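Undergrad: The listed protein sequences correspond, in order, to chains A and B.
Using the working numbering, the letters of the first sequence correspond one by one to residues 1 to 258.
Using the working numbering, the letters of the second sequence correspond one by one to residues 259 to 519.
Calculated directly from the structure, the hints in this document are not laboratory data.
Keep in mind that a hint or two might mislead.
As the list claims (entries may be wrong) - Capping the alpha-carbon separation at 20 Å, the derived lysine-lysine pairs in PhoX-like fashion look like this:
(1) B/478 to B/513
(2) A/253 to B/391
(3) B/478 to B/443
(4) A/155 to A/49
(5) A/155 to B/513
(6) B/501 to B/513
Quantities reported herein were computed from a predicted structural model and do not represent experimental measurements.
Listed below are the residues making up each chain.
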Amino acid sequence: MPPRTLQQLWSWYGGYALGFVSLFLLWHLASVYLVSSVLFPPPAVVFRKAVTLVRTGVLLEHLWASIQRILAGFIAGSLLGVPIGLAMGSFRPVRKLLEPYTEFLRFIPSVAMITVAVIWFGIGEASKIFLIIYTTIFIVILNTAAGVSAIAPNKIRAAQALGATRRQIFFHVALPATVPYILTGMRLAMANSFTTIVAAELIAANEGLGKMLWDGRMFMLVDDIFVSLVTLGLLGFVVDRMFRWGIYTFAGKYSPAT
Amino acid sequence: MTPLVSFDDVQKTYRSLQGVDYPAVEHFSAEIEAGEFFCLLGPSGCGKTTVLKLLAGFEAPTSGQILMQGRPVTGASRDRGVVFQGDDSLYGWLTAVENVEFGLRMRGMARSERRERAMRYLQLVGLSGQERKYPAELSGGMKQRIQIARALVNEPAMLLMDEPFAALDAQTRALMQAELAGIWKTTRTTVLFITHDIDEAVTLGTRIGVMRAGPRSQVKGVIDVALDGARTRTDDVFLRYYKQVYEMIRDEVAKSIARTD
Numbered sequence: 001m002p003p004r005t006l007q008q009l010w011s012w013y014g015g016y017a018l019g020f021v022s023l024f025l026l027w028h029l030a031s032v033y034l035v036s037s038v039l040f041p042p043p044a045v046v047f048r049k050a051v052t053l054v055r056t057g058v059l060l061e062h063l064w065a066s067i068q069r070i071l072a073g074f075i076a077g078s079l080l081g082v083p084i085g086l087a088m089g090s091f092r093p094v095r096k097l098l099e100p101y102t103e104f105l106r107f108i109p110s111v112a113m114i115t116v117a118v119i120w121f122g123i124g125e126a127s128k129i130f131l132i133i134y135t136t137i138f139i140v141i142l143n144t145a146a147g148v149s150a151i152a153p154n155k156i157r158a159a160q161a162l163g164a165t166r167r168q169i170f171f172h173v174a175l176p177a178t179v180p181y182i183l184t185g186m187r188l189a190m191a192n193s194f195t196t197i198v199a200a201e202l203i204a205a206n207e208g209l210g211k212m213l214w215d216g217r218m219f220m221l222v223d224d225i226f227v228s229l230v231t232l233g234l235l236g237f238v239v240d241r242m243f244r245w246g247i248y249t250f251a252g253k254y255s256p257a258t
Numbered sequence: 259m260t261p262l263v264s265f266d267d268v269q270k271t272y273r274s275l276q277g278v279d280y281p282a283v284e285h286f287s288a289e290i291e292a293g294e295f296f297c298l299l300g301p302s303g304c305g306k307t308t309v310l311k312l313l314a315g316f317e318a319p320t321s322g323q324i325l326m327q328g329r330p331v332t333g334a335s336r337d338r339g340v341v342f343q344g345d346d347s348l349y350g351w352l353t354a355v356e357n358v359e360f361g362l363r364m365r366g367m368a369r370s371e372r373r374e375r376a377m378r379y380l381q382l383v384g385l386s387g388q389e390r391k392y393p394a395e396l397s398g399g400m401k402q403r404i405q406i407a408r409a410l411v412n413e414p415a416m417l418l419m420d421e422p423f424a425a426l427d428a429q430t431r432a433l434m435q436a437e438l439a440g441i442w443k444t445t446r447t448t449v450l451f452i453t454h455d456i457d458e459a460v461t462l463g464t465r466i467g468v469m470r471a472g473p474r475s476q477v478k479g480v481i482d483v484a485l486d487g488a489r490t491r492t493d494d495v496f497l498r499y500y501k502q503v504y505e506m507i508r509d510e511v512a513k514s515i516a517r518t519d
C-alpha cells in the first residue's frame with residue numbers, strides 16, 4: 001500500500017532521507033574541515049559542476065552511453081542465461097556437460113576479459129556489450145539452475161498425481177517456481193554490470209561514465225571525477241530500486257516465501 | 259469381487275549414498291476395497307510413507323507388484339489423488355482456486371467450467387470466500403483444505419493422504435478430522451490414510467492396518483472398525499477399538515524406539 005499521510009511518508013522514507021543527508025553532510029565536513037584540498041571537493045562544488053555538465057549535455061551523453069551498454073548486455077545475457085540455467089537444473093547430462101564451462105569461466109573476472117574483448121571486438125560498442133553479457137550470464141545461469149534444484153519434490157509429485165505431462169510440469173511448475181531465483185540472479189548481475197562497464201570504459205571507450213573518470217584523471221579535472229562517481233552511485237541505486245519495485249509489482253506472487 | 263488395490267508381496271529397498279541397503283518394506287501384502295477408508299497405522303520410520311509413494315507411483319517397488327483395478331501401477335496418474343503432509347506441494351504463485359483447478363487446467367478443461375467445479379469443491383472443504391488468496395496468506399488448516407479440494411476436484415478413483423493433519427495444532431486437527439469424515443460420507447471416495455496417531459485412525463478409518471516397526475516392515479494385522487456414525491472419543495466402543503489397536507502397536511513402537519536409540 002502506498003503511503004498516504006505525511007506520517008506514513010515519514011515512517012517509510014524518513015530513515016532513507018536522513019541517511020542520505022548524513023552521507024552528504026559527512027562528505028562536506030570531511031572535505032572542508034578535514035582534508036581541505038582541491039583534490040577532494042565538497043558536495044556543493046560537485047553539484048555545481050554537475051549542473052554545468054548537464055547544461056552542456058556532456059554528462060547525459062556519457063550517462064546514456066553507459067546505460068545503453070549495460071541494458072543491451074544485461075538483457076542479452078539474461079535471455080541467454082535463463083534457458084541455459086533451466087536446462088542445467090533440469091537435466092543431469094546437460095549440467096555435467098556445461099558445468100566445466102560455467103565453473104571455469106566464472107572465475108575469470110570480466111575485468112580480466114577486457115583485454116581479450118578489445119583485441120577481438122575493438123574499442124566500440126561490441127566489446128562493452130560482450131563484457132556485460134559475460135558478467136551477467138554466469139550469475140543468471142547459476143541462480144536459475146540453483147532455483148530448479150531447489151523446487152520441492154512434492155510440487156512435482158503433486159502435478160504428476162494431478163495428471164500433468166512432463167512438458168506441463170516444466171512450464172506450469174518448474175518455471176514459475178524458479179522465477180524468484182532468476183530475478184535474484186538478474187539483480188546481482190545488474191550490480192556487477194556497473195563494475196564491469198566502468199572498468200571497460202576506463203580502458204577503451206570514446207564516451208561513458210568510465211571514460212569521464214579517465215579524462216578527469218588525465219586533465220586533473222577532479223570535480224568531473226566526482227560528478228562521475230556520484231552519478232554512478234545514484235544510477236546504481238535508482239536502477240536497483242526500480243528492479244526491486246518491478247519484482248514486487250509484477251512478480252510479487254513469485255515471492256521466495258512460498 | 260477383486261479389491262480396488264492390492265499389494266502383492268511388495269518389497270522396497272533404498273540404497274544410501276554410502277551404498278548401504280535399507281529394506282523399508284518386505285513381503286508387504288494388503289488389499290483395499292472400493293469405498294473404504296483404510297488407515298495405515300504404524301510407528302515412525304516403519305515405512306508407511308514408502309507404501310503411499312509406491313501406490314501413488316512416485317517410486318517403483320524393488321520387487322512384487324501393486325495392482326489397481328487389476329492393472330499394475332507403473333507411475334503417477336490422476337486415478338490416485340495425493341494429499342501431502344506439508345504445504346510445500348502447493349503452488350505459491352497461484353491463488354487457492356487456481357491451485358484447486360490445476361489438474362482440470364492441465365486436462366484442457368474450459369476456464370468457466372473448471373472454475374465452477376473448483377468453486378464447488380472449495381465450498382465442500384469450507385473455503386468459500388478464500389478463493390482469491392494465495393497459500394502464503396492462509397493458515398495451515400486452510401492450506402490442507404486446498405490440497406484436499408485440489409485432489410478431489412479431479413475425481414480420482416482414490417485419495418492417498420500422507421499424515422495430512424500431523425503438522426496442525428490439536429484443535430485444528432480435530433476439526434479437520436471431523437470435516438474429512440463428513441467429506442468422505444458425501445463423496446465416498448476410497449481413501450488410504452497414513453497416520454501414526456491411534457486416535458486419528460479409530461476416528462476416521464473403516465479398517466485399520468497396523469504396521470510392524472521397520473526395517474522389513476509389513477502389515478501386522480488389520481482391524482475392522484464397525485463404528486458407523488458418531489465416533490466420540492468417550493464412547494465405550496471407541497475405547498475398545500482404541501485399546502485393541504493400542505495393544506497391537508505397543509510392541510512395535512517399543513521396537514522402533516529401541517532401534518533409533
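Undergrad: All hints are to be evaluated individually against the structure, with a verdict given for each.
TA: Going through the hints against the structure:
{"no.": "1", "hint": "B/478 to B/513", "in the structure": "holds (14 Å)"}
{"no.": "2", "hint": "A/253 to B/391", "in the structure": "holds (11 Å)"}
{"no.": "3", "hint": "B/478 to B/443", "in the structure": "violated (28 Å)"}
{"no.": "4", "hint": "A/155 to A/49", "in the structure": "violated (57 Å)"}
{"no.": "5", "hint": "A/155 to B/513", "in the structure": "violated (34 Å)"}
{"no.": "6", "hint": "B/501 to B/513", "in the structure": "holds (19 Å)"}
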